[in-house]
Amino acid sequence: MAIETRPFTTEDFARNPDDYYRAGYVWQVPVRVTHWVTALSITALFLTGLYIANPVFSPEGEAWKNFTMGWMRKIHFAAGFIFAVSWLTRAYWFFAGNNYARSGFPMFWRAGWWRDLWHQLWEYLKLKRGPIHLGHNALGGLSYTLGVVVLGAFQILTGLALFSQDAPTGPMNRLFGWLLPFLGGPFRVTSYHLLAAWFVFTFVILHVYIVIYDSTQYRNGLISGMITGRKFYQRGDKVQDTWLG
Amino acid sequence: MPSESMNIRASTLAGWPMTKSLSGPTTYEVLRDHGVDRRTFLKFATGITATMGLEATFVPQVVHALESKPRIPVLWMEGLSCTCCTESFIRSSHPLVGDVILNMLSLDYHPTIQVAAGFQAEEIVDKLIHDKPGQYVLAVEGNAPLADGGVYCLEGGRTFEDRLREAASKARFVVAWGNCASAGCVQAAAPNPTQATPIGKMISDKPVINVSGCPPIPIVMTGILTYILTFDRLPELDRLGRPKMFYQHRIHDKCYRRAFFDAGQYVQSWDDEGARLGHCLYKMGCRGPTTYNYCSTFKWNDGVSWPVGSGHGCLGCSEPGFWDDGPFFQRLANIPQINIDSWPETVGKVVAGAAAIGAGAHAVSAIAKNAVKPTEKVPVESSSGVKGEE
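Chains as they are written, first to last, in numbering that gives the first Met the number 0: chain A, 0 to 244; chain B, 0 to 389.
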């Protein structure tokens, strides 16, 4: 097959559409649903969490007429439980889903994964189009694993431990209360919880940016893919998911 | 009441009931000798029952125990400490409570308030250890520095560590009195040059009850000993070894300013309108939301006031490492691992800001390079291998 290097045109596309864009079904329904549930719950968690950490606005009037912090905490806790369920669902789908559901895992025991990691980093820095992936690329998968899976688990565990303080005899305290003395007491855990929240937010910034960049750079339907489940590639794209096994 | 049923379920330790082995006058007899009438005694018994979180039906049981069981001898030792625990202990403003505490404990040895001195005082300790092994309670105020063979705390020519281990080896159980003894307090604050070590980390063969606080509330001591006299078992302890009946709830959960917390009304700076209206001290660094103690229930000086009641945030003095969790008037702790004065929020903003700047720089250079369009293709090696729905 010939090596295609010139930019494709609308005429090319009209002449032989099959050469240019074809769709692959990548993200299954649970992946897409948990993605958006996670996105919404993290947004709610971060905003309410910022208020809980530093209540910047205060209502006027009698205390009994207001419940500002109370609502912030209620929303925070509810969103936290929703996020935890979403996390668990996605973790289950890691095992039950198609191969792309596992593509975010850092497969550091495979040489191909490491090659892909450095290659992708280099392509991003060179602002080159680079090779195309249908699942995660190694770099994206690694940051997803750290930013959502690991930090998410940390936030869920510390969050539930802090939440369990409200009911010292309750089941939550029996399950997660031991984490507080283990991590240096509830006061420090509060600080770690907030610090980790900022790290998650850092991931969100990078994630949203790189998704927009990738989507415009590759024209691979990265954003719509998380709604429809389908991503696009062109004939001749080297599909880089080979390390996925 | 949940706390009551939990206390009843608490397991009985081997070697108990301990009151069987005691001898001497009962608490009631001692009080009568000191001129306390029965009516006052019953009022005390009712009060202490309520303090322990037990309901009114337990009052006869408590009264019976105080009437019929001999007092528990207490050996009080002081290591590295500021004596604030003793000060708190002997300054119960209610005369009866103070009297009861001092009389019911059968304080055979107390470095600060004993009459005896020198060899005479040391003799009391030796006598207690040899004559009543397994009967006395060892109450430790302060802790022992272990660095350099324990030379940073010497008592009667011996290291405190040595004396403590000897006394603890024959004690029935150990009460670690105050934050020093139960968690290390200021002596153990970083970098802890004398290696001051809490009692619970030194003594492993005896039950250690941590009565944390700097100082702890005096009634807790009375409560613990009355509980043991009445039920012949140790009170149930939380994960940090503190009796649950006093340390189960957060200051925050029983704070009278809690309504302002939930409403979102906070003191923003000292002496502002909120401070005058008694708003929540959360933003002024109050540690109430993460501190487990009895202050917001029982208050201090017989209910006169307590820190939050005086408009000052809780310092968290019953929590381990509270000296290292400073500054006290700041809502969140510095991050000890990074070892710079940074709030989590500051660190988080810097990291998130750097990411945003990095992404922005990348976007600008991508646009500048006009790279944001599919202009290139990589060499084709294989067009197969696409998994999924084809």
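FYI, nobody ran anything at the bench for these hints, they're computed from the structure.
Heads up, some of the hints might be wrong.
[Claimed, not checked] Distance condition first, Cα-Cα at most 30 Å in a straight line; then the derived DSSO-like pairs of lysine-lysine:
{"no.": "1", "chain 1": "A", "residue 1": "K64", "chain 2": "B", "residue 2": "K298"}
{"no.": "2", "chain 1": "A", "residue 1": "K73", "chain 2": "B", "residue 2": "K348"}
{"no.": "3", "chain 1": "B", "residue 1": "K368", "chain 2": "A", "residue 2": "K125"}
{"no.": "4", "chain 1": "B", "residue 1": "K253", "chain 2": "B", "residue 2": "K298"}
{"no.": "5", "chain 1": "B", "residue 1": "K205", "chain 2": "A", "residue 2": "K73"}
{"no.": "6", "chain 1": "B", "residue 1": "K282", "chain 2": "B", "residue 2": "K243"}
{"no.": "7", "chain 1": "B", "residue 1": "K205", "chain 2": "B", "residue 2": "K131"}
{"no.": "8", "chain 1": "B", "residue 1": "K348", "chain 2": "B", "residue 2": "K298"}
{"no.": "9", "chain 1": "B", "residue 1": "K200", "chain 2": "B", "residue 2": "K131"}
{"no.": "10", "chain 1": "B", "residue 1": "K200", "chain 2": "A", "residue 2": "K73"}
{"no.": "11", "chain 1": "A", "residue 1": "K127", "chain 2": "B", "residue 2": "K368"}
{"no.": "12", "chain 1": "B", "residue 1": "K169", "chain 2": "B", "residue 2": "K131"}
{"no.": "13", "chain 1": "A", "residue 1": "K125", "chain 2": "B", "residue 2": "K200"}
{"no.": "14", "chain 1": "B", "residue 1": "K42", "chain 2": "B", "residue 2": "K243"}
{"no.": "15", "chain 1": "A", "residue 1": "K73", "chain 2": "B", "residue 2": "K282"}
{"no.": "16", "chain 1": "B", "residue 1": "K200", "chain 2": "A", "residue 2": "K64"}
{"no.": "17", "chain 1": "B", "residue 1": "K169", "chain 2": "A", "residue 2": "K64"}
[Said to hold, decoys possible] Simulated restraints on C-beta separations:
{"no.": "18", "chain 1": "B", "residue 1": "V185", "chain 2": "A", "residue 2": "A166", "range": "12 to 20 Å"}
{"no.": "19", "chain 1": "A", "residue 1": "D165", "chain 2": "B", "residue 2": "A360", "range": "40 to 48 Å"}
{"no.": "20", "chain 1": "B", "residue 1": "Y255", "chain 2": "A", "residue 2": "W108", "range": "34 to 42 Å"}
{"no.": "21", "chain 1": "A", "residue 1": "W242", "chain 2": "B", "residue 2": "R164", "range": "58 to 66 Å"}
{"no.": "22", "chain 1": "B", "residue 1": "A365", "chain 2": "A", "residue 2": "W108", "range": "30 to 38 Å"}
Glycine residues also receive a C-beta, built at the ideal position from the N, C-alpha and C atoms.
Right, here's what the structure says about each hint:
Proximity of K64 (chain A) to K298 (chain B) is assessed by CA-CA distance (about 28 Å); at most 30 Å being required, the pair is judged to hold. The suggested pairing of K73 (chain A) with K348 (chain B) holds, with an alpha-carbon distance near 25 Å, which does not exceed 30 Å. Pair hint K368 (chain B) plus K125 (chain A) holds up; C-alpha atoms about 10 Å apart against a cutoff of 30 Å. Restraint check for K253 (chain B) and K298 (chain B): the C-alpha separation of about 11 Å stays at or below 30 Å, so the hint holds.
About 43 Å separates the Cα atoms of K205 (chain B) and K73 (chain A), which puts this hinted pair outside 30 Å; it is violated. In summary, the hint linking K282 (chain B) to K243 (chain B) is supported, as the alpha carbons are separated by about 28 Å, within the 30 Å threshold. Annotation: proposed proximity of K205 (chain B) to K131 (chain B) holds, straight-line Cα distance about 16 Å (limit 30 Å). Note on K348 (chain B) and K298 (chain B): the hinted pairing is violated, with a Cα-Cα distance of about 39 Å set against a maximum of 30 Å.
This hinted pair checks out: K200 (chain B) and K131 (chain B) have alpha carbons roughly 25 Å apart, not beyond 30 Å. At roughly 39 Å between alpha-carbon atoms, K200 (chain B) and K73 (chain A) are farther apart than 30 Å, so this suggested pair is violated. A C-alpha spacing of about 10 Å is found between K127 (chain A) and K368 (chain B), which places the hinted pair at or below 30 Å, so the restraint holds. Restraint check for K169 (chain B) and K131 (chain B): satisfied, since their Cα atoms lie roughly 8 Å apart, inside the 30 Å limit.
Of the supplied pair hints, the one linking K125 (chain A) and K200 (chain B) is violated, its CA atoms being roughly 57 Å apart against a limit of 30 Å. Proximity of K42 (chain B) to K243 (chain B) is assessed by CA-CA distance (about 24 Å); at most 30 Å being required, the pair is judged to hold. Distance hint between K73 (chain A) and K282 (chain B) is fulfilled; the C-alpha atoms sit about 19 Å from each other, no more than 30 Å. This hinted pair does not check out: K200 (chain B) and K64 (chain A) have alpha carbons roughly 49 Å apart, beyond 30 Å.
A distance of roughly 59 Å separates the Cα atoms of K169 (chain B) and K64 (chain A); the hinted pair therefore is violated under the 30 Å criterion. Distance hint check: the CB atoms of V185 (chain B) and A166 (chain A) are about 32 Å apart, inconsistent with the given range 12 to 20 Å. Distance hint for D165 (chain A) and A360 (chain B): a CB-CB separation of about 44 Å, consistent with the stated range 40 to 48 Å. The hint said 34 to 42 Å for the Cβ distance between Y255 (chain B) and W108 (chain A), and at roughly 58 Å that hint is violated.
Hint check: W242 (chain A) to R164 (chain B), Cβ distance near 60 Å, so the stated range 58 to 66 Å holds. A hinted range of 30 to 38 Å holds for the C-beta pair A365 (chain B) and W108 (chain A), which are about 33 Å apart.
Hints 5, 8, 10, 13, 16, 17, 18, 20 from the earlier list are contradicted by this structure; the remaining hints agree with it.
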